[in-house]
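Novice: Sequence:
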Amino acid sequence: MDVKVAYGIVGAAALCAGFAGGLVAAPHLFPQAVEPGEGWVDLSVLPDDLIEQHRTTAYLENEIKSAEMSKRMLEEMAAEKAARADIKLPEGVPSFPGGRLVEAPSSADWPDIAPEGDTGGAFAAAKDGWVVINIWATWCAPCVKELPDMDAGAPRLAEAGVTLLAIDADMSRNDTLADVEAVYRKRGVKSLAPLFAAGSDANALLIASGQTVGAQYPTNIVYRPGGEPYALFYQMPDDRTGIWSSDEMIAFFAALTESGG
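Numbering (the numbering used here), first residue to last: 1008 to 1268.
Hints may be right or wrong, so weigh each one.
To be verified - Pair by pair, the computed Cβ-Cβ distance ranges are:
hint: 1; residue 1: 1058; residue 2: 1101; range: 24 to 32 Å
hint: 2; residue 1: 1127; residue 2: 1248; range: 36 to 44 Å
hint: 3; residue 1: 1062; residue 2: 1255; range: 38 to 46 Å
What the hints assert, rightly or not - Cross-link-like lysine to any residue pairs, in silico, SDA-like; alpha carbons within 25 Å at most:
hint: 4; residue 1: 1197; residue 2: 1051
hint: 5; residue 1: 1095; residue 2: 1072
hint: 6; residue 1: 1152; residue 2: 1104
hint: 7; residue 1: 1193; residue 2: 1066
hint: 8; residue 1: 1095; residue 2: 1206
hint: 9; residue 1: 1134; residue 2: 1170
hint: 10; residue 1: 1152; residue 2: 1135
hint: 11; residue 1: 1152; residue 2: 1192
hint: 12; residue 1: 1197; residue 2: 1131
hint: 13; residue 1: 1152; residue 2: 1165
hint: 14; residue 1: 1152; residue 2: 1267
hint: 15; residue 1: 1088; residue 2: 1119
These aren't lab readings, by the way, just hints derived from the structure by calculation. Ideal Cβ placement from N, Cα and C applies to all residues, glycine included.
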């Protein structure tokens, strides 16, 4: 059966594959005649095996059930996110181009993990300077979509004094380092190291980000030198592309690092 799939954001338990908004999402089947509109997700950016799963009605029905069970968690997450205060930037630092930049929760910390794929010790070394840790998973379409832009932005951010680390922390326990490497190859990612938080490290990374209700993907944590949590931001605005590698983003972080935060 040839179907099209639309997703509405209704959960974030991270217990099943999800797409829209980086959260667990409920799929709904529509006739072939229905035209894609707002809220539809391009599945072509996902791993091939996951694309194939979405041709199976039973898989989609299971997604619906899982998403419906997660609805309350999404509401709690939205309330938690809305309650966080926007960070007060130092004088002279331009506004953040990636949407809301909120204060890091008091429970946030530098994650005590050893990511798979970190053969050169980049994770531990990064703690000495400004760092942005991007938490993602291969099933998160917005996460995967922005990888090439992040990859283009990483060298420019490094010149501005910021290390960008993308770490897969799949709470569903389905991802592997090999999956991360496969997505990187498919998306042409070359600057970012493929990093994977396996097992308890995935929990530790999410806890370190201060997320107390479920898990939102993508989540980005900004750290001051020494591993001090500074701020959080989430998915980039839908109405813009290329934000990670934009002049505005580089100028923001250059000014922030110069100011000391």
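Novice: Hint by hint, work out which the structure violates, then give me just those numbers in ascending order.
Specialist: Per hint list: 1, 2, 5, 8, 10, 14 violated.
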